[in-house]
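Trainee: In order, the protein sequence lines correspond to chains A and B.
Note that the working numbering has the first sequence beginning at 1, numbered continuously upward.
Note that the working numbering has the second sequence beginning at 1, numbered continuously upward.
Treat the hints as calculated values from the structure; they're not laboratory data.
Computed from a prediction, not measured in an experiment: that's the story for all the values here.
In silico lysine-lysine, DSS-like type, Cα no more than 25 Å apart, as pairs:
hint : chain 1 : residue 1 : chain 2 : residue 2
1    : A       : LYS249    : B       : LYS21
2    : B       : LYS319    : A       : LYS319
3    : B       : LYS21     : A       : LYS250
4    : B       : LYS340    : B       : LYS249
5    : A       : LYS340    : A       : LYS354
6    : A       : LYS177    : A       : LYS226
7    : B       : LYS249    : A       : LYS21
8    : A       : LYS319    : A       : LYS38
9    : A       : LYS354    : A       : LYS392
10   : A       : LYS3      : B       : LYS319
11   : B       : LYS250    : A       : LYS21
12   : B       : LYS319    : A       : LYS69
13   : A       : LYS38     : A       : LYS86
14   : B       : LYS387    : B       : LYS398
15   : A       : LYS340    : A       : LYS217
16   : B       : LYS398    : B       : LYS354
17   : A       : LYS319    : B       : LYS3
18   : A       : LYS398    : A       : LYS233
19   : A       : LYS217    : A       : LYS387
20   : A       : LYS233    : A       : LYS174
From the derived model, a few chain A residues whose C-beta atoms are all more than 12 Å from chain B:
hint : residue
21   : ASP61
22   : ILE78
23   : TYR82
24   : ARG115
25   : ASN117
26   : PHE262
Don't be surprised by glycine CBs; every beta carbon is placed ideally from N, CA and C.
Protein chains: 2
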Amino acid sequence: MIKAAILGYGTVGSGVFNVIKENSELINSRAGQEIEIKHVLDLRKFPGDPVESVLTDNFEDIADDPEVKIVVEVMGGIGAAYEFTKRCLEEGKNVCTSNKELVAEHGLELMRIARENDVNYFFEASCGGGIPIIRALNDCLTADDIDQITGILNGTTNFILTEMTQNDGVSFSKVLKQAQANGFAERDPSADIDGYDPARKIAILSSIIFGSSVDYKDIYTEGIRKISAEDIKYASTMGYAVKLLAEAKKTGDGVRAYVAPFLLDQNHPLYSINGVMNAVYVHGNMLGDAVFTGAGAGSLPTASAVVADVIDAARHDGKRAYCGWRHDEKLALASNDGIKRRYLVRIYTEDQGKANSVFAPDGFLDTISIGDLEEEVAFITPELSEKDFETKEKAFGKIISRIRFY
Amino acid sequence: MIKAAILGYGTVGSGVFNVIKENSELINSRAGQEIEIKHVLDLRKFPGDPVESVLTDNFEDIADDPEVKIVVEVMGGIGAAYEFTKRCLEEGKNVCTSNKELVAEHGLELMRIARENDVNYFFEASCGGGIPIIRALNDCLTADDIDQITGILNGTTNFILTEMTQNDGVSFSKVLKQAQANGFAERDPSADIDGYDPARKIAILSSIIFGSSVDYKDIYTEGIRKISAEDIKYASTMGYAVKLLAEAKKTGDGVRAYVAPFLLDQNHPLYSINGVMNAVYVHGNMLGDAVFTGAGAGSLPTASAVVADVIDAARHDGKRAYCGWRHDEKLALASNDGIKRRYLVRIYTEDQGKANSVFAPDGFLDTISIGDLEEEVAFITPELSEKDFETKEKAFGKIISRIRFY
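Isolated chain A (complex conformation) (with noise of 0.2 Å):
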């Protein structure tokens, strides 16, 4: 028998809570051992729910008690939440947590202690919700360099972009209003909407495959909030769909990561995952291409990969377990400025001739026209490098908007 505490019973940790018991017996053969929760911390009361008898509003009841072995943390935030995971990999505790900020913001220094300590700290909720994609990484495609990853990692964004596409003219800020209407946008939705998660859970993924740290404020992020129902339309008419991408890529120059709205066609493996859905594509130096796709959010599949979490920790009880995250250096990223794309660009009307001038001084550009959008017109950039687009931007003025093809 192996205890473990949790630590927060809110949506997550009560999910945890309910896998746990619900799916006990097969757990417990999975992870060679009986897995009793000791303690579960949290400063409410929950009368009647069965977490009663093991509740406790103080935390040294759980750093304290030797008996425990893994501690879940899915407190969120980073205040008290790093300092008892701290607490917790010095008292020689494996931690298991699905807390993406915590991680991407500290996850070099607590592994280290988790390594001094000779403890796990386990992070598989923190990306892609329910898909295992961590554990894909470190125990899976164990073989390839993994040269690539390209994820739909934030169920918000693509709700909402999902609902604009499915509403043909149905505006950003309505589709947001109605998602936290439903619960899947936060009232402060500007960690979802302006890209700030994704480029978290990116730069986990990138510390894991890559092996030194990336640090997510080094990633140019760019969010969906200035994606219009306009856009949207265009993107339709010509068969692609809006997608909020977070990639990491191995190149010549470097490792190059951004999160930023793309045009998908048809053809990309990402186009048709919908609604809350989240995917992470994978490219292998051997294994070629493969996609996890998944849940990316919700009570019970984000406590189904965090238990996951705590069978792994049970499973290497005295013994660590391999991360690829693990030079203490961190990773300086390789400039963007260099990447050819080309860019859907929508201007007004008048300014037709100066776009031709500006972006296409060699030939004519294509131009897309929507019925009812009659001041304005849309046109696709020949390749251009997002230095050259910049400057080029700069030059030719006012546009409407613009997205980068993939």
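Assemble chain B onto chain A, guided by the hints.
Mentor: For chain B alone, coordinates are given in the frame of chain A:
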């Protein structure tokens, strides 16, 4: 350092040799120790090939070498491969294989022998090529009761069906010949096109998720030999794709399993899996839906999966790894008779009245006509059990073809 041997230097064997050489640094770091290929067994000579220095034509060189702790069996077939695997396991060596015939036929016995000798029998590459589906089930989705697996598990048939769909009107036999010419299909294609290959694979995957051995010979198996250009045309007209699915599902009556072509609508997670790609849909009671997609075959993707097994064998040197397929008994499958589905049925136009009275005595059948097929008409049945459909089909007499809707 841990020493390994490879049985067979064919497509997969040479792939394994090359992957271990090419990615040695990463592989050794993930294995926790250096992996050295000490012997490669093949009766052929390979002058000038780097394998020459470790080549042997005598199996005893490997079986008798106490230094060899990991044996890669990639010979295929169930004759010598079976004898050699048994002997290696008995000699206390871990065995990693891509041999789905052998695992489906003798997996239960070989796993018992591995258990008795405290070693591991790994077979990641036996299902889904490079997709890490077996490790996902054994080591990643461990918190879940997996109650359904539905896969496109055969690249050859998926390639044929995709070609037939994308090149409107091309016949099965023409695409098969083309696939044989390209090396995508065997000269004797029966294991693929008659569905025996995916039946073996779904038997292996079912044995892992349900714990007891599923015998592939118990699985209802229907291939794609009868799928015609006209069937594909009806499917496309309706917006459906025809896919050869292998499915195992826990129901109130027990586990049901089958391999058959199905009509999938655009929202089905396997609808857009095209060409030689494989994909596996998995449903977990906590996780919900997850899909794993990747190259189903090919030297390097398959070798990538085998080498991941070799790394796992090195990580578990002297220890047993968890495998869900852990019970010694055989699983008796439930009958498929009661499964209710709609069917697309093609008949001669003159039999339309009779079709209505047999298949929809209380209503009217929706019919579908395709311009250039004047002599026939197709209709969609109401939901009927497999048993009922069979009875009605007999009562009706000659139909042109029928395909199940998923």
